[in-house]
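*Asks:* Given these sequences and hints, build the entire structure.
So the sequences go chain by chain: A and B. Position 204 of the first sequence, counting from 1, maps to 204 under our numbering, and the rest follow consecutively. Position 379 of the second sequence, counting from 1, maps to 379 under our numbering, and the rest follow consecutively.
Keep in mind the hints are simulated off the structure, nothing from the lab. Backbone N, C-alpha and C fix where the C-beta goes; we use that ideal spot for every residue, glycine too. Among the hints, erroneous ones may be present.
Partial selection, computed: residues in chain B whose CB lies under 8 angstroms from chain A [what the hints assert, rightly or not]:
#1 His53
#2 Ala95
#3 Pro99
Heads up, simulated DMTMM-like pairs for lysine to aspartate or glutamate below, C-alpha to C-alpha not over 25 angstroms straight-line [what the hints assert, rightly or not]:
#4 B:Lys302 to A:Glu104
#5 A:Lys63 to B:Glu273
#6 A:Lys63 to B:Glu192
#7 A:Lys38 to A:Asp129
#8 B:Lys340 to B:Glu123
#9 B:Lys211 to B:Glu230
#10 A:Lys131 to B:Glu309
#11 B:Lys340 to B:Glu160
#12 B:Lys302 to B:Asp56
#13 A:Lys131 to B:Glu123
#14 A:Lys124 to A:Asp193
#15 A:Lys229 to A:Glu162
#16 B:Lys302 to A:Asp248
#17 A:Lys124 to A:Glu96
#18 B:Lys104 to A:Glu162
#19 B:Lys340 to B:Glu328
#20 A:Lys131 to B:Glu313
#21 B:Lys104 to A:Glu136
#22 B:Lys302 to B:Asp254
#23 A:Lys131 to B:Asp229
#24 A:Lys38 to A:Asp248
#25 A:Lys63 to B:Glu309
#26 A:Lys38 to A:Glu91
#27 B:Lys302 to B:Glu273
#28 A:Lys63 to B:Asp56
#29 B:Lys340 to B:Glu313
#30 B:Lys302 to A:Asp107
#31 A:Lys131 to A:Asp193
Per label pair, the in silico range of CB-to-CB distance [unchecked claim]:
#32 B:Ser105 to A:Asn78: 35 to 41 angstroms
#33 B:Gln368 to A:Arg85: 50 to 56 angstroms
#34 B:Lys104 to A:Arg125: 38 to 44 angstroms
#35 B:Ala55 to A:Thr154: 32 to 38 angstroms
One-letter residues, chain by chain:
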Amino acid sequence: MNTARNPWLLSALLLAAPLAQAHIASNGFLSLRIDGSKLSGSLELAIRDGELAVGLDRDGDGKVTWGELQAGQTALQNYVLGHLRLLGGAESCAMELGPVQVNERVDGSYLWLPISAACGGVLKRLSVDYKILNVEDPSHRGLLTLSASGAIQTAVLGGSSELRVFELDHPSPWGAFIEYLRAGIWHILSGIDHLLFLLSLLLPAVLLRRQSRWEAVSIAAPAFANIVKVVTAFTLAHSITLSLAAFDVIRLPGRLTESVIAASIIVAALNNVFPRVTEGRWRIAFAFGLLHGFGFASVLAEMGLPKGARLVSLVAFNLGVETGQLAVVIAVMPLAYLLRSTAFYRRGVMPWGSSAIAGLALVWFLQRALG
Amino acid sequence: MSSGMGRPRVQQGRLFTLGAVVLLCAALQKAHGGPYMPSSDSAVLAELPAGAHYADVSARRLAAGRVDVAIPLAQFYIQQSRLRGDLRYLGYAQAVLAPWVQQKSPMPDVLVLQATLQQSRHEFSASLAMLERALSVSPRNPQALLIQATVLRVLGRYPEAGAACDQFSRIVESRLGALCIQSLRGLNGHLESAYAALLQISPQGWLSSEKSWWYSELGEMAVRLGRDDEAQRWFQQDLSLVPSDFYVRGAYADLLLRQGRAGEALQLLQGQESFEPLLLRIAIAQRQMHDPRLAQSSARLKAAFAAEEQRGEAVHRRELAIFLLEVEGQPTQSLATALKNWAVQREPDDMLVLVSAAKAAGNPAAAQPALDFMRTQGLSDVRVNVLSGAAVASR
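*Replies:* Set out below in structure tokens:
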């Protein structure tokens, strides 16, 4: 069973040949995004790899501080410019590196350099020549994420592999529309948190609150009006923030958004257990809907909006979200309406179902907020 | 009337407080998740381990011209890689060896070091080819023979591994030769007698690394014999001698976890989170104990496996299969990974995860090739017997 050992200390100095290695091998993360003729992105290297490349630990105390990283910024930028080449067609792109920042990854701090490059005309293909750390640590690899026109390619760079060439597709606006519509539907159906929030607000739509008790609505019209108001308010609100975030007008940190989304579910669900807002729940839907929009936006940000089809893609994604949402409402609400006068619905689903949702959301909240 | 008004107000108050606390927490929590500029110049971003300084790069340049510098330096890096469980050192060693391996007729020592590197990266056939080259020049090279025995053993090629051990035992001190031979006999049909033979060895005068090898073989044999108390003693002795032996620490943790002693396992693994194979055991223990820190451990492991996957490497396939089975609860995916792993690696632990995953996935027949291998080789392992017996019964 000795994958990990094979110890010997015979005449040689060698101790052992471990197989069960720990620690992630040395990876650099190169992410590039292409918008027509413009190229932007970032390169991330472990601080330790930055030290190996240019020597960051000026005082030689075995620690690299933020001050030392900043002092090494020019050396780092020059090193990267000398070891990373981007070519559109036959010509090198003019590359510029911005000020260094820090990014936390699971295996420690990474230095983060923003990249912008101009490659002449509209790019049909991109070649990447990645030689970072090829002398210092031949096992280093560059993990490339290349996004162009909403399509994402990945590749492993470095090592013995030579110049790598990537063909860039330019999909039709219609193709982008379908792709983003699908992504929107998929996101709402798989992202159970948005649905639970909406359901928490819709569960009481078929009921009336009278003298601290839930009563069934007698006719369909008010229930229908309740549902329409909540769904419309939610849709309107998240469409606003989704659009603002998609066009980079406002950005919220992902963890904050995710935490508050979890919190919104708790609030909405608890409102069914300890009713406070019994009329006009659409206001809750609107207020928190604004935050859910930022959640949708983070998905969209991961996909990227294709140049030339930004608006179409945004509309398609939003339409996808609404379609998925509507499908769930149509599936659930008639059932809720039929069951509305049963004790099962009023004293079972309302308090206990809502409590369960609140409990689940609390777990999410703790996970997201406390990391 | 007043009580009728009072109750809802209390409820409203409760809801309000809760909402306020929740929103406050949300607002206060650090919102990293992206690049940032630390607020203080003296914020420490990373600590550099030995050999990872810029200055060391110039030592490596020196090694490019002098093999008497290159060999000890590569040995140092490989040693560091083992002690710290850090893959980067293998890259440093590779950098040092590269110019010497590319020579027309490299020195045997260089070839053996290169083979060691390749073995560490699970590039088994490349490693064996390199050892063949070394042994064709220097047939009585003990390191080459021992690595050869180890690689062949991992691959489940026991007769060839036995031949390498025989060669090895002719060159080295007889007790070390016996250790190589008996460890192998313990896998192919003679577990009881091999364990007894190892117990006869007196470790007097051995270096701690040699003792550690002895302890770990004894511990693993005891595990396969089902003598968990004895195994625990061997593992403890090894760890008191070589606390940095993360391999034995992992085997010991496995034993504790199998016995449902997750709390003790966590204690044993405290402070070892930076070693992914040990972090895997931590995650399993956390799952058994419903520890909320599981989410964090699991996220780190996922990222590590994903990075490896993206690099197209398969160093930790066994660990990935265990992770999918024990932490993620995805037996079908675990089985697929365990099968891929089994196609390459054939150690008892590789078999164990395959049989467990096959059983959990409701597809015990998938483990049949492994069980056949076990039967034909005479491999004996109580842990596998318990599982496969149950698997057969459930069919």
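*Asks:* With reference to the structure, classify each hint as holding or not holding.
*Replies:* Each hint, compared with the structure:
Because the closest C-beta pair between B:His53 and chain A is about 7 angstroms apart, less than 8 angstroms, the hint holds. For B:Ala95, the shortest C-beta to C-beta distance to chain A is roughly 5 angstroms, which falls under 8 angstroms, so the interface hint holds. At about 11 angstroms, the closest approach between the beta carbon of B:Pro99 and any beta carbon in chain A exceeds 8 angstroms, and the interface hint on this residue is violated. Pair hint B:Lys302 plus A:Glu104 holds up; C-alpha atoms about 16 angstroms apart against a cutoff of 25 angstroms.
Distance restraint check for A:Lys63 and B:Glu273: the Cα-Cα separation of roughly 20 angstroms lies within the 25 angstroms cut-off, and the hinted pair is therefore satisfied. This hinted pair does not check out: A:Lys63 and B:Glu192 have alpha carbons roughly 51 angstroms apart, beyond 25 angstroms. With a C-alpha separation of about 18 angstroms, the suggested pairing of A:Lys38 with A:Asp129 holds against the 25 angstroms cut-off. Among the hinted pairs, B:Lys340 with B:Glu123 is consistent with the structure: their alpha-carbon atoms are about 15 angstroms apart, no more than 25 angstroms.
Proximity of B:Lys211 to B:Glu230 is assessed by CA-CA distance (about 16 angstroms); at most 25 angstroms being required, the pair is judged to hold. Between the alpha carbons of A:Lys131 and B:Glu309 the distance comes to roughly 21 angstroms, so the proposed pair stays at or under 25 angstroms and holds. Note on B:Lys340 and B:Glu160: the hinted pairing holds, with a Cα-Cα distance of about 23 angstroms set against a maximum of 25 angstroms. About 32 angstroms separates the Cα atoms of B:Lys302 and B:Asp56, which puts this hinted pair outside 25 angstroms; it is violated.
As the CA atoms of A:Lys131 and B:Glu123 are separated by approximately 23 angstroms, the hinted pair is consistent with the 25 angstroms bound. Simply put, A:Lys124 and A:Asp193 have alpha-carbon atoms about 40 angstroms apart, too far for the 25 angstroms limit, and the pair is violated. A hinted pair counts as satisfied when its Cα atoms are at most 25 angstroms apart, and A:Lys229 with A:Glu162 does not qualify at roughly 59 angstroms. Annotation: proposed proximity of B:Lys302 to A:Asp248 is violated, straight-line Cα distance about 30 angstroms (limit 25 angstroms).
About 21 angstroms separates the Cα atoms of A:Lys124 and A:Glu96, which keeps this hinted pair within 25 angstroms; it holds. The straight-line distance between the Cα atoms of B:Lys104 and A:Glu162 is roughly 24 angstroms, inside the 25 angstroms bound, and the hint therefore holds. Pair hint B:Lys340 plus B:Glu328 holds up; C-alpha atoms about 18 angstroms apart against a cutoff of 25 angstroms. Distance restraint check for A:Lys131 and B:Glu313: the Cα-Cα separation of roughly 20 angstroms lies within the 25 angstroms cut-off, and the hinted pair is therefore satisfied.
Under the criterion of a C-alpha separation no larger than 25 angstroms, the hint pairing B:Lys104 with A:Glu136 is consistent with the structure, at around 23 angstroms. Under the criterion of a C-alpha separation no larger than 25 angstroms, the hint pairing B:Lys302 with B:Asp254 is consistent with the structure, at around 20 angstroms. With a CA separation close to 53 angstroms, the supplied pair A:Lys131 and B:Asp229 exceeds the 25 angstroms bound. For the suggested pair A:Lys38 and A:Asp248, the alpha carbons sit about 17 angstroms apart, so the restraint of at most 25 angstroms is met.
For the proposed pair A:Lys63 and B:Glu309, the alpha carbon gap of about 30 angstroms is over 25 angstroms, so the pair is violated. Straight-line distance between C-alpha atoms of A:Lys38 and A:Glu91 comes to about 14 angstroms, which keeps the hinted pair within the 25 angstroms bound. Under the criterion of a C-alpha separation no larger than 25 angstroms, the hint pairing B:Lys302 with B:Glu273 is consistent with the structure, at around 14 angstroms. Proposed proximity of A:Lys63 and B:Asp56 is supported: the alpha carbons are some 15 angstroms apart, at most 25 angstroms.
Distance check on the hinted pair: B:Lys340 and B:Glu313 sit about 12 angstroms apart at the alpha-carbon level, within 25 angstroms; holds. A threshold of 25 angstroms between alpha carbons decides the hint, and for B:Lys302 with A:Asp107 the separation of about 12 angstroms falls inside it, so the pair holds. Of the pairs offered as hints, the one joining A:Lys131 and A:Asp193 is violated, with about 43 angstroms between alpha carbons and a cut-off of 25 angstroms exceeded. Between B:Ser105 and A:Asn78 the beta carbon distance is about 39 angstroms. The supplied range of 35 to 41 angstroms therefore holds.
At about 52 angstroms, the CB distance of B:Gln368 to A:Arg85 agrees with the hint of 50 to 56 angstroms. Take B:Lys104 and A:Arg125: their Cβ atoms lie about 39 angstroms apart, and the range 38 to 44 angstroms holds. One distance hint, 32 to 38 angstroms for the beta-carbon pair B:Ala55 and A:Thr154, holds here, with the actual separation near 35 angstroms.
Consistency with the previously given hints fails for numbers 3, 6, 12, 14, 15, 16, 23, 25 and 31, ordered from lowest to highest.
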